[in-house]
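Q: Each chain, letter by letter, is given below.
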Amino acid sequence: MPSTGKLRVIRRVNLLISAALLAIASISPAFAGWGMPEPITDQAKRIQDLWVFTLIIAVAVFFAVEGALLYAIIRYRKKSDALPKQTHGSTALEIVWTTIPVLIVITLFSYSFIVLRDVEKKAPSDALSIEVDGFQFSWQFTYDLARLGQGQAPAQEGTFSIIGTAANEPTFVIPVGEPVEFRLKSNDVIHSFYLPNFHYKLDVVPGRDNRFVITANQTGEFTGQCAELCGINHALMRFHVRVVERAEFDTWVAEQVANKATVRQP
Amino acid sequence: MTSIAIPRPAYAERPWILDWLTTVDHKKLGILYLYTTMFFFAVGGILALLVRAQLAVADNTFVNNDAYNQLFTMHASAMLFLFIIPVWAGFGNYIVPLQIGAADMAFPRINALSFWLIPPAGLLMFSGFLFGGASDVGWTAYSPLARSSGVGLDLWIIAVIILGVSSTIGAANFMVTMFRMRAPGMTMFRMPIFCWTMLVTAVLQLLATPVLASGLAMLYIDRNFGGSFFDPNGGGNAILWQNIFWFYSHPAVYIMILPGMGIISEILPVFARKPLFGYKAFVFATMGIGGLGFSVWAHHMFTTGAVLKPWFGFMTFMIGVPTGVKMFNWLGTLWRGSITFEAPMLFALGFLSMFLIGGINGTFSAAVPVDFAIHDTYFVVAHIHYVLFGGAVFAVFAGLYYWFPKIWGRRLDERLARIHFALQFIGFNLAFFPMHLLGLDGMPRRIATYSESAGWETLNLISTIGAFLIGVAMIPFIINVVMAFLRPKDQPNDPWEGNTLEWWTTSPPPVHNFDSLPEVHSERPLWDLRHGNAAH
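Just so you know, the protein sequences line up as chains F and D, in that order.
Just so we're aligned, residue 548 is where the first sequence starts under my numbering, counting upward by one.
Just so we're aligned, residue 4 is where the second sequence starts under my numbering, counting upward by one.
No lab work stands behind these hints: they were computed from the structure.
Hints should not be assumed to be uniformly reliable.
The list that follows gives simulated cross-link-like pairs (lysine to any residue, SDA-like), each with its CA atoms no further than 25 Å apart [unchecked claim]: (1) LYS492(D) - THR26(D); (2) LYS732(F) - VAL310(D); (3) LYS732(F) - ASN240(D).
Here are the in silico distance ranges between beta carbons for each label pair [claimed, not checked]: (4) GLU613(F) - ARG533(D): 26 to 36 Å; (5) ASP62(D) - GLU585(F): 23 to 33 Å; (6) ALA175(D) - ARG622(F): 37 to 47 Å; (7) PRO313(D) - GLY767(F): 45 to 55 Å; (8) ARG533(D) - ASN561(F): 33 to 43 Å; (9) ILE49(D) - ASP673(F): 36 to 46 Å; (10) ARG490(D) - TYR658(F): 42 to 52 Å; (11) ASN496(D) - PHE610(F): 41 to 51 Å.
Computed from a prediction, not measured in an experiment: that's the story for all the values here.
Even glycine gets a Cβ: it sits at the ideal position worked out from N, Cα and C.
So here's chain D without its partners, still in its complex pose (with noise of 0.2 Å):
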């Protein structure tokens, strides 16, 4: 086996904090990302209980109206976008060039104001609560009601126009890095599946992003500057907001959710010793997700009386095709394994169980007469919660505890690893199973407060107490990250068996990355070093 060397520049000492606060290193930056998403990750989760709090009982006074608004608007904007869009953007980033064998991002200085942008977007999101109160009218920002809210929701706007900007920029960056920096060897079709994902989300991130920050200019226009584009008693349309709003973020569920299924797919076949079971269907099935996203914006909007009913009512139905696609060729990657059941893998197996409910419960909103029941209720909130906790935020761990020793050079400790997973998938599914069955019973979402007679306070208060099980679950997690950070450093370059080229150098990687790469023959040069290629 011959390898390839590579030059390696020369790099000047910094301060530590000089150093971070300058770096244009992918890694560093990776890092940046991940710490920052984490803590946003944190704060929407507190918001989270705060709203399950008031939840609790029927007829609550824990927070007034204004208040329990403002909360959920906040607890979705922190978690979608400054928790789950841009902790992919810190995944890719760290990961990405490794795994192509690259020495950094294409153009690291934009890579670096892509994550630079995020945390001043975080706070001034948040600075809404200094100034008579953040932005109370949901992350949808449905108008009219949005002309008329408070300063809250002008600082949103502006942060969110921001973190569109970081997104759009970072997609450029991690398309030309993966078009033009793959190692020797490494055709399109050799490209681990982590990447594809990232490519694809970069695919529908340039494309959908511009259009949400052209509406929220729009709505910016029509609070501040008189205009009048969703007002119609200035000759606008209130629902061209929504077809503007949901033609980004329709795909932006896609953007949430095809990095964690990348993350799986790189997991499944190192613990179940076996390859991706369809790599080249997979691919087209992400390209078919990413594809049709575009084409079923609308069915968030059934019971506006205002759309094509049949059409996105197919379309929705027909998103189900790649994803199965993609279901079954995860079993078939455990079919006939050897499967063992470390961290990353418990939560890749959490997030197979799980995104299955979100998958399947998403169907009902394709039947386009069922939508006209469940639509606005309980129901919706517990499908996105399967495919964005018990979908994402698994695959979020997932790619942590399966990452954290390349990345810190560590191992978290299996026995921690066990005990907050048992207790986030139970405390998830005592949070978001029960909102099915409020929901066909008629709880509207984004109510402050219930009556009594309506009968929902058993599965409110069920509801409750599983998501403070999920806060309950992150005490292990951080007791492990602290316990591993007083460690020394110990980890070998490859403590998995790993298939791809970031188990080939140090944990953590040097500066430039690699000193050297092997030959890539296929999806796997780790596993084909290995075991040769007879393995095959």
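If we strip away everything but chain F, and leave its shape as in the complex, we get (with noise of 0.2 Å):
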């Protein structure tokens, strides 16, 4: 009997579907967010803008397109030994199915052409600058007392520097609200200086002098490490920030500079 035979197998996709939507669902918690970690700055919210927007054409287009060959697969099995009509093929059709994903590829292009300018806006001459020194097995930064930034007291000279060791991971502190830029440093190999709240990575190239800037939006701390194998410890080359008030900051910067040990004067 084909027709029971058919039901047995809708009931079972139905189940296959129920049982992944459960799966989904239980996990989804863990990952709000649409399964991104929280955008702390105005760039990684806009790629989390575009994250979610292509995320939602690839479901639909994984939904579209795995559900019509589940339909093709239960609707066409053969149920007769009669030659099915030979089609060999129609033009419109090829040009419909290419032009569609043309246009949704020129969408999604353009859009993501969009955000990629914003996010790589360049720095403001004024802003805060941090020197990144990535070796193995852990991060330097250095901040210059002569860019410290918005608001920040008459220019001093100097600089201070956190260091960190693969055991002893460093923090540093960057304040809410304002653009930070980062110059990536490397004497040795290839990092990848990464931080997921940031939505952002930036290689670190023996060589090149690589920046980006952010501006962070929300306090708190954060923790990121390298993403370019790196040598036995790459693992451990963790990192951490915390984003503050600006006041905060100024007094954690008075702090450092009181701490001779970590101020070189130039």
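If you follow the hints, you should be able to join the two separate chains into one complex; please do so.
A: Written out as structure tokens, the structure reads:
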């Protein structure tokens, strides 16, 4: 009896779908924000919006195609020895299913191009600028007292650094609500400066001057790590950033300066 | 129906072992390729299980960091260079001459050389474990890190160069074979689609592999003869290596998947009892992927800050278009067909449903700002495995189940095949789907361990369970093959009601392949014979 057989298949598919939905629902609270960690910068927010837009199109395409596939598998199972009609193709259809993806692709490209242009804007000349040195296997964050960003005290001279080790992960501090530039340097191998909450990473390449800018929009402490294989302790190149209000940042800087050990005079 | 008689050469009998060691028969070489590559698939799989065992729980010390870096490097190297790329050469060797109605490849001795370069190269690559450690810098061997790695990397470089030679001369052989040795009546646009994908793959190999070889030679000079091609301190450029490497290795991804697409395109029409929908569109889409494949390499390098991002982003998006055309043509083939679900078809449908995900999750990396987030995370690991396992490996098994009766004259058991498929399908998704979420949450690739506070433990454990389930899935497959070998050869010429010429001759075929050839009027000569041209 083919009809009950078909019913059984449909019931099975239903069961599979509900199981899948249940599985997705059960893990979804851990992945609010459409799978991405919380964006903590203006740039990260833009990237997350692009991610969500792309994801919606991707999921729609996935269900449309996977649905058509499942439908074909169930609907066109062999029922008799009669040969199916031997269709060899259709130029009209080929044009349709070439054109539609091209349109989707152009849309996605245009949107990602706009976001790319925005997140790669250069830093204003008076922005806080931090030199990030990646080395095997930790990070050094160097602040220039003459480039401490908006609202800073009259220009001072000198620098101070936060230096980490694989065992003692470094924590650096940035103020919320203003642009911060990172200048990435390496003298050994390629590293990659990656902070998931920035939704951003940039490689730290020997011989290259790579920079990027973020504007943090909330305070808190966040963790990042090296994202480019750099040797035996690659997994231990973690670092932390503390995003604080400007006043707290200034206090922290004053403390660092007071602690002469970490200040290097020019 | 007239047929064309083929002159039969005389063969001298040789001892069994000498015969296999000196054979220039494309079928025997094809079988040697398949045995060798499946062996390295098993080795690469065991390495993958060790990797997954280490990552199963946070702060694990199952293997140390040094061993871990060797494990994942050799896992990828074995799977890519010693399994996927040569396994297609294995299928191609056995099937292409049969499908085009030829007696052998164009250059049988070069063909033997192509194969015999592989086992020593594989041994060389793995011999690093005996000399202070195998390569530990990832299969991408980024410089300057690769400048200071141990001697295992030198062995790796030499092995990959040798494999590149094998691949390059094999590509030339395939091209000449398909251009010059097709049966009477078989125009290029009547050539089976698997041959077409092998042809485009051969072109990619011929153009791309020498570029990698030059890069590897430069790296070897940097490491051993005081060169500084990739050393900024000596006037070199660290990014240069990545450009050379990916100029080969992105087309290589298509080298790894196009023949699999070809196999799927052979199987779907047979088990849906319809011709491949849009044969020519499919051929052009294959060429389109091959051509575009050379213009997207720098999408692996967006986060270097050293490439023209909008251009490579756009081209990467564009490559989704011919890939989509293929997907729609496969659906069109199934549509209004009369589908049965023998083992080859199960794996082909598994390919369609999983490769779809591998196609879709790749487009995220084309959206450059999104790539900033997911690059070098487990999201990308998920992507490559949906393409290379969900795609290529499912196609390998589809091909094995499909051509097993032709190659070995016996049929594999359907029930064991279904168990194999179910376990592999579930295990695969458990292993690799969670990696999307891990990557989005910020877990980088190639880290030997992660801290408990990162919150990645549950998903990693699920992934590890899935990986071991894939391992378990191989048990019914191995039992199936062993049991088949214990049975006598009993397969007819054409057990599946196939479309193409390999099903015209006996299973397995005689040394000279064909006693006669049917006339070829379309890309489905055997269908035409069964149903007459009226069935078109």
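Q: Confirm or reject each hint.
A: Hints and how they fare:
1. Annotation: proposed proximity of LYS492(D) to THR26(D) holds, straight-line Cα distance about 22 Å (limit 25 Å).
2. Only pairs whose Cα atoms come within 25 Å are accepted, and LYS732(F) paired with VAL310(D) is accepted, the gap being roughly 18 Å.
3. A C-alpha spacing of about 15 Å is found between LYS732(F) and ASN240(D), which places the hinted pair at or below 25 Å, so the restraint holds.
4. Distance hint check: the CB atoms of GLU613(F) and ARG533(D) are about 33 Å apart, consistent with the given range 26 to 36 Å.
5. Between ASP62(D) and GLU585(F) the beta carbons are some 24 Å apart, a value that agrees with the proposed interval 23 to 33 Å.
6. ALA175(D) and ARG622(F) have their C-beta atoms about 45 Å apart, which keeps the hinted 37 to 47 Å range intact.
7. Distance hint check for PRO313(D) and GLY767(F): the Cβ-Cβ separation is about 33 Å, which falls outside the suggested range of 45 to 55 Å.
8. Restraint check, ARG533(D) to ASN561(F): a C-beta distance of roughly 39 Å satisfies the suggested window 33 to 43 Å.
9. At about 57 Å, the CB distance of ILE49(D) to ASP673(F) disagrees with the hint of 36 to 46 Å.
10. ARG490(D) and TYR658(F) have their C-beta atoms about 59 Å apart, which leaves the hinted 42 to 52 Å range violated.
11. Range check, ASN496(D) to PHE610(F): about 42 Å between beta-carbon atoms, so the 41 to 51 Å window is met.
In this structure, the hints that do not hold are numbers 7, 9, 10, in rising order.
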